[in-house]
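K.L.:
Each chain is listed here by its residues.
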Amino acid sequence: DAKTTQPPSMDCAEGRAANLPCNHSTISGNEYVYWYRQIHSQGPQYIIHGLKNNETNEMASLIITEDRKSSTLILPHATLRDTAVYYCIVRVARNNDMRFGAGTRLTVKP
Amino acid sequence: NAGVTQTPKFQVLKTGQSMTLQCAQDMNHEYMSWYRQDPGMGLRLIHYSVGAGITDQGEVPNGYNVSRSTTEDFPLRLLSAAPSQTSVYFCASSRDGSPYNSPLHFGNGTRLTVT
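Those protein sequences? They're chains A and B, same order as listed. Under my numbering, read the first sequence as residues 362 to 471, first letter to last. Under my numbering, read the second sequence as residues 1418 to 1532, first letter to last.
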């Protein structure tokens, strides 16, 4: 499985865009990049995923570099409720295992 | 859709007791799994199922049993609880077992304490 590297913590001002980076330099051609978040002690929440192209949904945008070795999750207008731990996962395990690392703790400040 | 529902939310057991953590999903998902989350350890896969009647072990299966008699339900049984099983347990489901394009949907967890 490809491994990911994320900064341990980030701050963002409320109303501004939050850009969360992820490095996955050993990603292989058929591996998707997934983003989840976990708010306090709730269950992980799926945000978005992609293979090669940039993706956007109602929650966020995912920008994947052309060489696929890194990606950025963008929350366009962060709110206080976006304070959470964000996980970038590259997944191809046969058993569909989702290997969560330490993630990035995003704190949105007023 | 209620999504993935886990019961109970909290549970305290004494060492040696047994219990079943319930998980149900109403999305007609084929794939279901159980994780435990411990501080500093991330989520670790306990057992998973790719469809009714099929189960398999994950990374940390010892001390746990599962069954999948219906598509909707995937209970996790602790056979003889130990303090090392104190953790937060999450159930998850996805449309199918493909890791490529099938996001996992998680329940809100069961917080288990074994004394």
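Note that these hints are calculated values from the structure, not bench results. Errors might be hidden in some of the hints.
As the list claims (entries may be wrong) - What follows is a set of in silico ranges between Cβ atoms, one per label pair, in the way DEER data are often shown: (1) A:Glu375 - B:Ser1501: 34 to 44 Å; (2) A:Thr417 - B:Ser1501: 39 to 49 Å; (3) B:Asp1455 - A:Ser370: 36 to 46 Å; (4) B:Ser1486 - A:Asp428: 44 to 54 Å; (5) A:His401 - B:Thr1487: 25 to 35 Å; (6) A:Ser370 - B:Pro1478: 28 to 38 Å; (7) B:Thr1503 - A:Gln403: 12 to 22 Å; (8) A:Leu441 - B:Ser1515: 30 to 40 Å; (9) A:Thr426 - B:Arg1494: 21 to 31 Å.
Every residue gets a Cβ at the ideal spot worked out from N, C-alpha and C, and that includes glycine.
K.L.:
Each hint should be assessed against the structure and marked as holding or not.
P.N.:
For each hint, the structure was consulted:
1. A:Glu375 - B:Ser1501: 34 to 44 Å: holds (41 Å)
2. A:Thr417 - B:Ser1501: 39 to 49 Å: holds (43 Å)
3. B:Asp1455 - A:Ser370: 36 to 46 Å: violated (20 Å)
4. B:Ser1486 - A:Asp428: 44 to 54 Å: holds (46 Å)
5. A:His401 - B:Thr1487: 25 to 35 Å: holds (32 Å)
6. A:Ser370 - B:Pro1478: 28 to 38 Å: Taking Cβ atoms as reference, A:Ser370 and B:Pro1478 lie about 33 Å apart, which means the hint holds.
7. B:Thr1503 - A:Gln403: 12 to 22 Å: holds (19 Å)
8. A:Leu441 - B:Ser1515: 30 to 40 Å: holds (36 Å)
9. A:Thr426 - B:Arg1494: 21 to 31 Å: Check failed, 45 Å falls outside 21 to 31 Å.
The earlier numbered hints that this structure contradicts are 3, 9.
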